[in-house]
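Visitor: Position chain B against the provided structure of chain A, taking the given hints into account.
There are 2 protein chains.
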Amino acid sequence: MSNPVLVEVTRGALVESRHRGMVIAVDGDGNTVFSLGETDVGVFPRSACKAMQALPLMETGAADAYGFGTRELALACSSHNGEPEHVAVAAKMLAAAGRDVDTLECGAHWSGNQKTLIEQARTLERPIALHNNCSGKHAGFICAVCHDGGDPTGYVTYDHPLQREIRGTMEALTGGVLGHDNCGTDGCSIPTYAVPLKGLAHGFAKMATGAGLEPERARASKRLIEACMAEPFYVAGTGRACTRLMQLAPGRIFAKTGAEGVFCAAIPGKGIGIALKCEDGTTRAAEAMVAATLARFFKDEPDLHASLRGMADHAMHNWNGLFVGDVRVTDAFA
Amino acid sequence: MSNPVLVEVTRGALVESRHRGMVIAVDGDGNTVFSLGETDVGVFPRSACKAMQALPLMETGAADAYGFGTRELALACSSHNGEPEHVAVAAKMLAAAGRDVDTLECGAHWSGNQKTLIEQARTLERPIALHNNCSGKHAGFICAVCHDGGDPTGYVTYDHPLQREIRGTMEALTGGVLGHDNCGTDGCSIPTYAVPLKGLAHGFAKMATGAGLEPERARASKRLIEACMAEPFYVAGTGRACTRLMQLAPGRIFAKTGAEGVFCAAIPGKGIGIALKCEDGTTRAAEAMVAATLARFFKDEPDLHASLRGMADHAMHNWNGLFVGDVRVTDAFA
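The listed protein sequences derive, respectively, from chains A and B.
According to our numbering, the stretch in the first sequence is residues 1 to 334, in order.
According to our numbering, the stretch in the second sequence is residues 1 to 334, in order.
Don't read these hints as lab results, they were simulated from the structure.
The C-beta atom is built at its ideal place from N, Cα and C for all residues, glycine as well.
Errors might be hidden in some of the hints.
Over 10 Å on every C-beta distance to chain B, these chain A residues come out as not near it, computed from the model [stated by the list, open to error]:
1. Ala88
2. Gly269
3. Asp280
For the chain A half of the interface with chain B, some residues (derived, Cβ under 10 Å), not all of them [said to hold, decoys possible]:
4. Ser2
5. Arg11
6. Asp40
7. Gly42
8. Phe44
9. Trp110
10. Gln114
11. Leu117
12. Ile118
13. Val177
14. His180
15. Gly184
16. Cys188
17. Glu279
18. Leu322
19. Gly325
Covered stretches of chain B (chain A as the covering partner; in silico rule of three or more C-beta atoms under 8 Å from a C-beta of chain A) [to be verified]:
20. 9-19
21. 209-215
22. 313-321
Isolated chain A, as found in the complex:
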């Protein structure tokens, strides 16, 4: 089966490039309410499942013991720009556990956001691990391990107790079987497991609704999702799609991107979880796809619907500010 073309990029009167993909939206009971393309094949969720990976931080009691508020919880679920506010909160989280940047095992990189990168180039000799887009997630990992009295050394490896716990958590949420066969190494060195999109979407529907979860996990999930929706800047940063999507409907839309064209989202008020992937891994297409998918669930709110469709279908301009073409989703989302 070939996945359908879901996003077109136009220039003049012609389509210049095409993106295929797969999308699914399910309710808390796992019923499919919208689907495009092949959604039963394993997909690496990459950073789109960070809220699932942050559950040990909550369930060990570390987040409460260290007095974390919504910003820390949002940052634990984030892929951030490495802006000063992100770096400061990550450092604060590590300090709460009596640790610092040296405990991070995520590696370092310059910001992926051009504006932030220019600021960093002007103020830093080189970035450190706190600037890594995953530093909040890793700080959360370290807090969970340290609060439990464990040794965080090697916390990114497949056999570390933390990664075993995350594996179990994600299996319970997604219904997938996670192991060496479907495991890859993520950009920040932790294991990532290929899971069918349907399972990922169901996992986020469960987190958003509590359906089928034990009370402790339901509470922890709700707090993480609500923290992200309350602090969208700390989930991504200036100009980023996750931040903009969550700002469009404060407290009502959760959205989280992952590398290689993945997006997960949830609409808690409607009990919906969403997972999608652009087949070719392109972010611009995944962003259009998630906005168009979310829009389908807000047809009864014309302003919000229009704003979401405006993120799905948008004009492109060149270096002189001239209109050159559009990114637009296909009729598959109608």
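Guide: The following block gives chain B in isolation, referenced to the frame of chain A:
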């Protein structure tokens, strides 16, 4: 018809993302010698056809009148990083025509190359039009117009005599009909015309061999292609695929990238022109595709073949330097 998957990106033991595309290689007489996917559909060549667009610079006599050597000619065909050497040659070209940066109509942008961008951020308040990746092409345009006694104002517009001349040149080379119906606006504001890949490949085969061209155009084409092969740094810059490909076989491979996953290339010694596009517009895939296509024509040179296949199929590493997966072409290129 659906274009075939030509590039896969793996993670662990699984394929994470897939790129479809179309490729064609033709000889100077226009005979197809290799082809994948749909090659009769119009494709915007974008910057991949800059060597064609530079022909007026040669054919007006401007390049010789201004004493341009291989670096200026290569830069006229380039999409450069905006490194200091690129900026200096573009400024020198404009000065030869009695002009400066103010005549450029390409707009300004920060370098697309991270290392160069960091250097720029540390040394510039903001980039100017000389830093635009197209500044060499635009300087060549201005030189052609000024040497001819024309007014360069508006040289980027569809109706300017220069763009009319380029339109005619490209029609002759590609066999396509260029007009408003297949015209879009490029990133640097000049018109770009969708042309079937077969016509583009044939145009580069003609430029590389002189087949079917009038002697003056054959000479001009040969000088531009040879200048690019002699000065690969000035066609792109540090770390760039065009530069690396041409450095692999000095004087024997011409290669030029374009936005949205296009690549054109030529092997003058074998009389071959190549044009390809990744359907989804992704550069990493277009680079793998052009390297694999070129490799097919050098099976008799094991070292060069291996180097080209090494650019087609290559490992990816994460922020910690750990191996995470491969970019690899499919068996379609075998």
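Visitor: Against each hint, give a clear statement of whether it holds in the structure.
Guide: Hints, one by one, checked against the model:
no., hint, verdict
1, Ala88, "21 Å, holds"
2, Gly269, "33 Å, holds"
3, Asp280, "4 Å, violated"
4, Ser2, "6 Å, holds"
5, Arg11, "4 Å, holds"
6, Asp40, "14 Å, violated"
7, Gly42, "7 Å, holds"
8, Phe44, "5 Å, holds"
9, Trp110, "7 Å, holds"
10, Gln114, "7 Å, holds"
11, Leu117, "7 Å, holds"
12, Ile118, "4 Å, holds"
13, Val177, "14 Å, violated"
14, His180, "8 Å, holds"
15, Gly184, "3 Å, holds"
16, Cys188, "6 Å, holds"
17, Glu279, "5 Å, holds"
18, Leu322, "6 Å, holds"
19, Gly325, "7 Å, holds"
20, 9-19, "holds (count 9)"
21, 209-215, "violated (count 0)"
22, 313-321, "holds (count 4)"
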